[in-house]
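Novice: Now for the letters of each chain:
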Amino acid sequence: MALRLTRRSFLQTTAAAGLAVACAPAAGPALAPKPTALTPVKGGNLIVATAADLITLDPMGAGDGPSNFAMQFLYDRLLIEDADLKLQPQLATSWEQTSDKVYTFKLRQGVKFHDGTVFDANAVKAHFDRAIGPEKPLASRSYIPWLEKTEVVDAYTVRFTTKVPYAFFTRLLAGISSAIPSPTAVTKYGKDYLKNPSGTGIFKFGEWVKDDHFVAVRNDDYWGGAPFLDKVTIRPFPDPQARIIALQAGEIQYTADITPEQTETLRKDGRVNVVTKQGISNTWLGMNVLKKPFDDIRVRQALNHAIDKQAIVKNIYNGDAVALNGMASPNQIGFADTQGFAYDPAKAKSLLAAAGLASGFTTQLLSSTRYPKDLELMQFVQQQLKEVGVTANITQKEFAAFLEDLRKDPRNSPVQMWRDGRGGSNVADYWLSTFGCKAFRPAGANTNGSCDEGIDAIATQAVGTVDEAKYNELAKQVQDRATPLAHSVWLFLPHNVVATSKKLHDPLITRTGTFRVETKTWMEP
Amino acid sequence: MLIGISLVTFGILRSIPGDPVVIMFPNASQEAVERIRGELGLNGPLPLQYLIYVRSAVQGDLGTSIRTREPVAETLARRLRFTVILTFLSTLLALAIGIAAGVAAAVNQDTWLDHLITFGAVALVSLPGFWLSLVLLMLFAAQLHLLPAGGASTPQHFVLPVVVIGLGAAAVIARFTRASMLDALRQDHIRTVRASGVAERLVIYKHALRNALNPVVSVAGLEFGFLLGGTAIVESIFSFPGIGRLMVDAIYTRDYPMIQGGILVVAVAVVLVNLATDLCYALVNPRIRYS
Numbered sequence: 001m002a003l004r005l006t007r008r009s010f011l012q013t014t015a016a017a018g019l020a021v022a023c024a025p026a027a028g029p030a031l032a033p034k035p036t037a038l039t040p041v042k043g044g045n046l047i048v049a050t051a052a053d054l055i056t057l058d059p060m061g062a063g064d065g066p067s068n069f070a071m072q073f074l075y076d077r078l079l080i081e082d083a084d085l086k087l088q089p090q091l092a093t094s095w096e097q098t099s100d101k102v103y104t105f106k107l108r109q110g111v112k113f114h115d116g117t118v119f120d121a122n123a124v125k126a127h128f129d130r131a132i133g134p135e136k137p138l139a140s141r142s143y144i145p146w147l148e149k150t151e152v153v154d155a156y157t158v159r160f161t162t163k164v165p166y167a168f169f170t171r172l173l174a175g176i177s178s179a180i181p182s183p184t185a186v187t188k189y190g191k192d193y194l195k196n197p198s199g200t201g202i203f204k205f206g207e208w209v210k211d212d213h214f215v216a217v218r219n220d221d222y223w224g225g226a227p228f229l230d231k232v233t234i235r236p237f238p239d240p241q242a243r244i245i246a247l248q249a250g251e252i253q254y255t256a257d258i259t260p261e262q263t264e265t266l267r268k269d270g271r272v273n274v275v276t277k278q279g280i281s282n283t284w285l286g287m288n289v290l291k292k293p294f295d296d297i298r299v300r301q302a303l304n305h306a307i308d309k310q311a312i313v314k315n316i317y318n319g320d321a322v323a324l325n326g327m328a329s330p331n332q333i334g335f336a337d338t339q340g341f342a343y344d345p346a347k348a349k350s351l352l353a354a355a356g357l358a359s360g361f362t363t364q365l366l367s368s369t370r371y372p373k374d375l376e377l378m379q380f381v382q383q384q385l386k387e388v389g390v391t392a393n394i395t396q397k398e399f400a401a402f403l404e405d406l407r408k409d410p411r412n413s414p415v416q417m418w419r420d421g422r423g424g425s426n427v428a429d430y431w432l433s434t435f436g437c438k439a440f441r442p443a444g445a446n447t448n449g450s451c452d453e454g455i456d457a458i459a460t461q462a463v464g465t466v467d468e469a470k471y472n473e474l475a476k477q478v479q480d481r482a483t484p485l486a487h488s489v490w491l492f493l494p495h496n497v498v499a500t501s502k503k504l505h506d507p508l509i510t511r512t513g514t515f516r517v518e519t520k521t522w523m524e525p
Numbered sequence: 001m002l003i004g005i006s007l008v009t010f011g012i013l014r015s016i017p018g019d020p021v022v023i024m025f026p027n028a029s030q031e032a033v034e035r036i037r038g039e040l041g042l043n044g045p046l047p048l049q050y051l052i053y054v055r056s057a058v059q060g061d062l063g064t065s066i067r068t069r070e071p072v073a074e075t076l077a078r079r080l081r082f083t084v085i086l087t088f089l090s091t092l093l094a095l096a097i098g099i100a101a102g103v104a105a106a107v108n109q110d111t112w113l114d115h116l117i118t119f120g121a122v123a124l125v126s127l128p129g130f131w132l133s134l135v136l137l138m139l140f141a142a143q144l145h146l147l148p149a150g151g152a153s154t155p156q157h158f159v160l161p162v163v164v165i166g167l168g169a170a171a172v173i174a175r176f177t178r179a180s181m182l183d184a185l186r187q188d189h190i191r192t193v194r195a196s197g198v199a200e201r202l203v204i205y206k207h208a209l210r211n212a213l214n215p216v217v218s219v220a221g222l223e224f225g226f227l228l229g230g231t232a233i234v235e236s237i238f239s240f241p242g243i244g245r246l247m248v249d250a251i252y253t254r255d256y257p258m259i260q261g262g263i264l265v266v267a268v269a270v271v272l273v274n275l276a277t278d279l280c281y282a283l284v285n286p287r288i289r290y291s
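Protein chains in written order, with the working numbering: chain W, 1 to 525; chain R, 1 to 291.
Just so you know, not all the hints are guaranteed correct.
[What the hints assert, rightly or not] Here are some, though not all, of the chain R residues that point toward chain W, as calculated from beta-carbon distances under 8 Å: (1) E31; (2) R67; (3) R78; (4) V84; (5) A149; (6) Y252.
Read the hints as simulated data drawn from the structure, not as lab findings.
All C-beta atoms in this analysis are idealised placements derived from N, C-alpha and C, irrespective of residue type, glycine included.
Starting from the given sequences, assemble the full structure and let the hints guide the process.
Specialist: Next comes the structure, spelled out in structure tokens:
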């Protein structure tokens with residue numbers, strides 16, 4: 001039917017529209033439609049933005065964030081962390097630990113890989129044999145220290161034996177590199193497996209146009225029921241501001257890595273949900289405790305008292321971070337709040353005076369250009385240190401050059417103070433790998449040169465302690481002893497901030513800010 | 001020349017701090033780092049590494065990316081295609097706007113139009129590309145929903161990057177065209193043509209502009225060559241999978257084979273563009289003949 005627009009009808013229509021617009025703010029709530037319960041609908045292409053393109057779709061080749069993110073759609077693991085980071089069965093139906101080194105898993109039956117291969121114990125064994133076998137794929141370094149062997153007990157029962165007791169072995173099985181690919185596809189395609197990935201996940205591989213997009217399409221035969229979404233697309237958006245614009249334009253429905261300034265803007269945008277979660281990557285100021293004046297515990301404690309962490313959180317991170325009292329942060333397994341170092345410049349000065357540095361000292365403060373707020377952070381720290389008489393000269397280097405400096409053995413390293421930031425899922429491992437006596441760089445990741453054999457012994461015992469309560473007690477001991485030693489200036493834990501379109505419903509965002517799509521996730525048309 | 005470029009690139013890359021394996025695995029043990037370096041062929045003596053690289057490059061093998069494990073030639077071929085299209089379209093836009101604006105300014109010297117064009121050209125040259133990119137993105141993608149925010153999968157994806165790069169280059173070309181046209185219009189033969197009663201439109205476009213175009217073609221050729229490797233920021237903002245962004249990422253991650261291959265390919269492309277520019281002189285001005 002053709003519409004005829006006469007001059008009169010045009011004037012009437014525009015007048016009515018103008019009146020409606022003019023009255024709308026005043027009418028406001030009275031005219032607003034009543035909220036209705038949203039009913040999930042099938043269909044939709046969820047488009048998510050990542051900072052870079054993915055590199056691999058092989059779980060054993062994983063390492064970078066975008067690849068890990070893409071693989072969650074294609075693969076399942078034996079276990080998976082829920083929103084509270086508790087382990088839940090996924091391809092396993094149950095598991096038990098029959099000795100301190102032996103784990104037996106019952107597997108889900110009736111599951112098929114996307115290529116039609118039946119999922120069974122042989123598929124699990126093939127994957128973990130590859131992890132510790134001669135091929136040595138990239139992810140093998142996570143398994144070789146721990147995994148002794150994988151045995152098929154029967155078609156749907158598999159048994160793992162670890163080399164030593166390891167409290168976090170089941171946690172390892174919930175990682176993305178423990179996602180199980182089709183053994184048929186891995187063998188058949190070899191190096192071309194990346195073009196033909198096959199898992200048991202809720203989405204199947206669609207296409208991967210390098211540098212442009214990756215698409216996963218709905219797996220209608222998924223053992224947990226078909227998902228609502230038709231497909232998921234991942235697109236690389238390297239520029240952080242462009243990611244936000246794309247989200248506001250409705251071109252994407254999810255993005256992460258949002259800066260504090262962007263968070264403020266997005267919170268005011270009615271089209272976007274902003275979700276803030278505590279991460280697990282702590283930020284601290286490293287000090288080389290083998291070098292003067294940082295070899296004196298009073299100096300290190302003084303610097304901890306000299307810096308107002310709450311002010312950093314409030315003024316630099318707009319509240320999207322939490323100040324740290326000690327070496328660990330709340331989401332790390334075994335975290336126990338310890339009494340840290342209150343902001344107290346007077347106490348800092350007196351401690352410096354007691355250490356014979358009443359007139360202060362001069363030091364170098366190294367940071368990189370990688371993190372957008374780092375220069376502000378360093379300048380703030382510099383100002384606060386100046387107030388207690390310490391002159392810190394800032395050097396900011398490009399990230400690769402910065403890493404090169406930090407990889408030097410602390411016994412010979414010229415680096416004095418630096419911005420550091422790392423995390424770990426559990427406190428004991430984190431201590432041993434980052435501050436432990438056997439982890440001095442370059443062999444390990446200890447840049448500080450800190451070494452306390454007593455704490456190492458407790459942490460080592462904790463790593464081998466499967467009993468959760470006992471582990472927590474040992475981890476608490478580690479923190480109670482390590483924090484006062486002030487090997488670093490413990491600063492803060494930045495929040496993980498993610499943003500989603502309001503049209504996206506029921507994604508799973510874990511306690512640490514990890515985003516996952518589930519079968520119940522759906523999108524408004 | 002290409003051997004010189006490859007040698008200089010290789011030397012500079014290996015002398016700057018940063019290790020590609022450490023960047024990929026910052027907290028890996030030294031043993032693991034050494035093992036991976038060995039697998040990537042980074043542990044041998046530098047002269048040997050260079051010779052292996054040259055031998056392979058001569059055979060068309062530019063190596064394998066350290067970061068993505070993909071053949072460098074494959075990645076470069078894929079990404080160069082986008083950058084060449086982007087650069088070509090941008091240069092076309094720049095020539096169309098730049099020549100038209102330059103001629104208009106010269107013909108109307110010292111009038112309001114001349115001042116407006118000169119001011120506009122200076123403003124466009126001064127505007128940072130990233131700023132203009134973000135403003136256009138906010139306007140056309142976020143507010144008006146007329147154009148996509150990023151990617152390169154449809155013709156619409158090319159519009160904003162072409163406009164940003166093209167306008168910047170147009171400003172340069174406009175300034176050169178104006179100066180060159182003013183010079184041409186003052187020539188004796190133009191006075192003679194005018195005196196013989198030829199229509200002003202023909203004087204400008206047939207006689208003056210043809211003579212004025214040679215320096216403009218040179219500038220356009222240089223701009224084209226520069227843009228082939230110099231659009232990294234715009235490519236990043238528009239999530240455009242070109243070679244500029246690839247090179248920046250490769251430098252940050254010290255992906256030696258990718259950087260070496262990329263610079264070599266861009267160098268070859270610039271040489272070819274310069275050759276094409278020289279050939280264009282004869283097209284623009286028939287008095288130029290190559291023996």
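Novice: None of the hints should be skipped; say for each whether it holds.
Specialist: Do the hints match the structure? See the list:
1. E31: Since chain W brings a Cβ to about 7 Å from R/E31, closer than 8 Å, the hint holds.
2. R67: With Cβ-Cβ at 7 Å, under 8 Å, it holds.
3. R78: holds (7 Å)
4. V84: It is violated, given that the least Cβ distance between R/V84 and chain W is near 15 Å, above 8 Å.
5. A149: At 4 Å from the nearest chain W Cβ, R/A149 passes the 8 Å test, so the hint holds.
6. Y252: holds (7 Å)
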